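Protein chains: 2
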Amino acid sequence: MNVAIIGVGLIGGSMALALKEKGIAKKIIGVDNSAANLSKALDLSIIDEAMPLEDAIQKSEIIFVCIPVDATIDSVKKVLSLITDKQIVIDTGSTKFALCNEIKNHLMRKQFVATHPMWGTEYSGPGAAVKNAFAGRACVICNKEESSIEVLEVVENMYNAIGMHIIYMDALNHDVHAAYVSHISHITSFALANTVLEKEKEEDAIFEMAGGGFESTVRLAKSNSAMWAPIFMQNKENVLDVLNEHISQLRKFKASLEKENMEYLIELMENANRIK
Amino acid sequence: MNVAIIGVGLIGGSMALALKEKGIAKKIIGVDNSAANLSKALDLSIIDEAMPLEDAIQKSEIIFVCIPVDATIDSVKKVLSLITDKQIVIDTGSTKFALCNEIKNHLMRKQFVATHPMWGTEYSGPGAAVKNAFAGRACVICNKEESSIEVLEVVENMYNAIGMHIIYMDALNHDVHAAYVSHISHITSFALANTVLEKEKEEDAIFEMAGGGFESTVRLAKSNSAMWAPIFMQNKENVLDVLNEHISQLRKFKASLEKENMEYLIELMENANRIK
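Protein chains in written order, with our numbering: chain R, 58 to 333; chain G, 58 to 333.
Check each hint, because a few of them may be wrong.
Pairs of lysine-lysine residues, derived as DSSO-like cross-links and limited to a Cα-Cα distance of at most 27 Å, are as follows [unchecked claim]:
id: 1; chain 1: R; residue 1: Lys311; chain 2: G; residue 2: Lys293
id: 2; chain 1: G; residue 1: Lys293; chain 2: R; residue 2: Lys256
id: 3; chain 1: G; residue 1: Lys309; chain 2: R; residue 2: Lys309
id: 4; chain 1: R; residue 1: Lys309; chain 2: G; residue 2: Lys293
id: 5; chain 1: G; residue 1: Lys333; chain 2: G; residue 2: Lys309
id: 6; chain 1: R; residue 1: Lys256; chain 2: R; residue 2: Lys311
id: 7; chain 1: G; residue 1: Lys161; chain 2: R; residue 2: Lys333
id: 8; chain 1: G; residue 1: Lys279; chain 2: R; residue 2: Lys333
id: 9; chain 1: G; residue 1: Lys143; chain 2: R; residue 2: Lys311
id: 10; chain 1: R; residue 1: Lys134; chain 2: R; residue 2: Lys161
Beyond 10 Å from chain G on every Cβ pair, some chain R residues (computed) [what the hints assert, rightly or not]:
id: 11; residue: Asp100
id: 12; residue: Ser102
id: 13; residue: Glu111
id: 14; residue: Ala128
id: 15; residue: Leu137
id: 16; residue: Asp142
id: 17; residue: Gly184
id: 18; residue: Ala185
id: 19; residue: Ala195
id: 20; residue: Ala218
id: 21; residue: Leu229
id: 22; residue: His234
id: 23; residue: Arg276
id: 24; residue: Glu302
id: 25; residue: His303
Cβ pair distances, simulated, as ranges [stated by the list, open to error]:
id: 26; chain 1: G; residue 1: Ile81; chain 2: R; residue 2: Glu272; range: 22 to 32 Å
id: 27; chain 1: G; residue 1: Leu99; chain 2: R; residue 2: Glu317; range: 22 to 32 Å
id: 28; chain 1: G; residue 1: Ile81; chain 2: R; residue 2: Leu229; range: 56 to 66 Å
id: 29; chain 1: G; residue 1: Gly184; chain 2: R; residue 2: Asn217; range: 34 to 44 Å
id: 30; chain 1: R; residue 1: Arg308; chain 2: G; residue 2: Glu265; range: 42 to 52 Å
Simulated from the structure, these hints should not be mistaken for lab results. Since the structure is predicted, the reported quantities are computational estimates derived from the model, not experimental observations. Beta carbons: idealized from backbone N, C-alpha and C, even for Gly.
Produce the entire structure from the sequences given, and follow the hints as far as they go.
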């Protein structure tokens, strides 16, 4: 089976490696706006061949769209307009509602599966692609009733084969949950980095002290703005809800310190300890 | 050389393992309010013997105080009142100003070194002790001019032997920096856990989706309140300063989303990308 990967970055590249390793894809065809990305993906043997979009679609049974979410909607529409009902289209974006809503009446909607493999790192581009990236992680499939049963089965089997377990969710709920378990983590990490960098202007030595705790909370602050800004913007309402809740949780810590209320402070911490 | 460890938890236990492994301590004597901790530390061969405080001090050349910072001040004072000028006392707490200030006129101050090895995990107790924990990390020594040169040399050599590099700082600056690179990371992690747990009341499925990014930002939320609440409280002024700055950084993200100001959002993220 030939698989086209549109966007050979962190996710597309890692997907290519996984599909190849599991013997699901005989040939991986890369499509990317960036010639440098394509050339790097070829060098790293992530893709077997680079082609323009139309050629890649014509030669592939499955087409993955793995590009920033602001470009995904137009790209998926275009791909759907170019396929036959023997081909399958999948996206891997971190937001789902706007996309599913935009294409819900498309004639080829049944050939499309909206997925969100729950994996990523703070790095980007084909050089960041990782072997065996998705094993043991969840993959969310949204609005499965809008895909044909046969198409869904192929996609589920493929995700299972690369080690993922499937969770079903409607796109609206997905975006709410993604705001809680992924998008807010990135915003707090970016904001934490900015908090410390604000101080760094005064004092360089601060980073010499940084230990493992700091590293882990600030790691995501290295994430790519071209990927994440469109996610936050597209999921604006949910992200703002969570951000407001988060600020109000931080204010509780603030209040407990200002009032030197040790009991309240411990209560807040012990509540947080319940996290799994 | 015999070394007494007062508080055989995460830090004290890991210190015991490191000192033993490097052949610095021939015998580790454990002191702890909790009989269960002592028994576990003996079972795990973290300590060689458990003793009451006075006996342990009498039999040790070096005494480490590795207990929550609210108990450290009284403990260090007591230990200093029981030693001779052939013995050395070290604390490993995460706050330094209150302690150094309280003991600065103590007759035995020169036998004491205020240290903060920059390592930890979200776990606690002797079962959480880790071999080779401190290697490659920084150890802050505060107000070194208040320790005798000979004592300082012994302590520096010991920390170097377990793989740490030394940073010198006055206690006041230490507490400011610790608020930025350690204390705030813990508060944001606790608050993030509470943010998500608030939502979990409505929906359990949320955790099925959680990926690596969420795990790393929320990891510290499992940290022990008995250890961390006194740190936040003792470093209240600095922690509040950083917390206010952090909330204002989060508000910038909020404003960029509310106004759909993509340029500003990207600017905030690219600024954060500068973090090392």
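Failing hints, ascending? 7, 9, 19, 22, 23, 24, 25, 27, 30
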